[in-house]
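Undergrad: Numbering (the numbering used here), first residue to last: 1 to 310.
Incorrect hints may have been included.
Claimed, not checked - Once the Cα atoms are required to be at most 30 Å apart in a straight line, the calculated BS3-like pairs of lysine-lysine come out as:
1. 100 <-> 126
2. 271 <-> 295
3. 126 <-> 240
4. 288 <-> 271
5. 100 <-> 273
6. 288 <-> 126
To be verified - Quick list of the computed label-pair ranges, beta carbon to beta carbon:
7. 138 <-> 27: 28 to 38 Å
8. 46 <-> 170: 36 to 46 Å
9. 47 <-> 232: 41 to 51 Å
Honestly, the hints are just simulated from the structure, not real lab data. Glycine residues also receive a C-beta, built at the ideal position from the N, C-alpha and C atoms.
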Amino acid sequence: MNKAPTLTSTVVITSKDRCDDLREALRSCVVQTANPEIIVIDDASNDSTADMVRSEFPQVRLIEHLQSMGLVYGRNEAAFLATGDIIFSIDDDAIFTTPKVIEQTLIEFDEPSVGAVAIPFVDVKKSPEIRQQAPSSNECWVTDRYIGTAHAVRRELFLELEGYRESYFHQGEERDFCIRLLEAGYIVRMGTADLIHHFESPKRDTTRMDLYGRRNDIFFAWLNVPSSFLPIQVVGTSIKGFLFGLRVGRPLRMLQGILMGYAAIGRFWNKRKPVRSSTFRLFRLLQKQGGIMLKDLPVEVLPDHKGADL
1 MNKAPTLTST VVITSKDRCD DLREALRSCV VQTANPEIIV IDDASNDSTA
51 DMVRSEFPQV RLIEHLQSMG LVYGRNEAAF LATGDIIFSI DDDAIFTTPK
101 VIEQTLIEFD EPSVGAVAIP FVDVKKSPEI RQQAPSSNEC WVTDRYIGTA
151 HAVRRELFLE LEGYRESYFH QGEERDFCIR LLEAGYIVRM GTADLIHHFE
201 SPKRDTTRMD LYGRRNDIFF AWLNVPSSFL PIQVVGTSIK GFLFGLRVGR
251 PLRMLQGILM GYAAIGRFWN KRKPVRSSTF RLFRLLQKQG GIMLKDLPVE
301 VLPDHKGADL
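Start from the sequences, fold in the hints, and give me the full structure.
TA: In structure tokens, the structure reads:
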């Protein structure tokens, strides 16, 4: 792998009422060999988050919200404030397992078509499975999306594509951004760096996750799926969402989320900007296969062919 030009980095963390988790996350940030800028968005915490950051991590840039604006808003705000070429985003309940994660990941932006890198991580409290890791380190592997707690993205490109759509409110904004990234001719690369460990917090609001998970599956289809695929995509997504609710014993909650998705279509009717059919087919292929080598991608989605259609 060729060494990439020297790139600067910013780590952004949006946090709310998880002071102890955030402390561990920041401890893993300040020892990174790449010496990143670090920004914490305190989303109107009611605990001692802000005081802890100020007293224990004076080198961290702290932004305090007086009222909660949500994760999506916070990540967009942090991108505008960042000065690094590459933005690294982790959750407040995640850590870099070694000091070299950022340094290793910056090298993976050596391909000009790489818009973002999905950093390998483990959901420690769920499974030992390593997710987002490239099958091999000697090829550039492309995937359909990254997880919010473990990724890096080119800041200028993120801003050019207008960041995350805040109409998602909670969940799903990463997948939406990644299909728009692909539409613009850039890829999400599977990483090979040392791991991020994600300790999913017991404070997570599962009700909100169920509701917005189903809402945003429907909403994603409306915003992005080409017209020729849209009816079957919306119907199929609705059925799968309800069946999932039956399987986990929360059908009414899932149904409510699906109905919220249809309401979002009505509310944001004029925001629809479907991607090209070629982009959507590739996105689905990447989703199905999990990863494809860059050299095997169809040429019409590569940067030299941005804007081309079939």
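Undergrad: All hints, please: hold or fail.
TA: Structure-based check of all given hints:
For a cut-off of 30 Å, the pair hint linking residue 100 to residue 126 stands: about 25 Å separates their Cα positions. Restraint check for residue 271 and residue 295: the C-alpha separation of about 34 Å exceeds 30 Å, so the hint is violated. For the given pair, residue 126 sits about 23 Å from residue 240 by alpha-carbon distance, which is consistent with the 30 Å threshold. Simply put, residue 288 and residue 271 have alpha-carbon atoms about 27 Å apart, close enough for the 30 Å limit, and the pair holds.
Distance check on the hinted pair: residue 100 and residue 273 sit about 39 Å apart at the alpha-carbon level, beyond 30 Å; violated. Restraint check: the Cα-Cα separation between residue 288 and residue 126 comes to about 23 Å, which is no more than 30 Å; the hinted pair holds. At about 33 Å, the CB distance of residue 138 to residue 27 agrees with the hint of 28 to 38 Å. The beta-carbon spacing between residue 46 and residue 170, approximately 19 Å, falls outside the hinted interval of 36 to 46 Å.
A C-beta distance of roughly 46 Å is found between residue 47 and residue 232, which places it inside the suggested range of 41 to 51 Å.
Of the numbered hints stated above, those contradicted by the structure are hints 2, 5 and 8, listed in ascending order.
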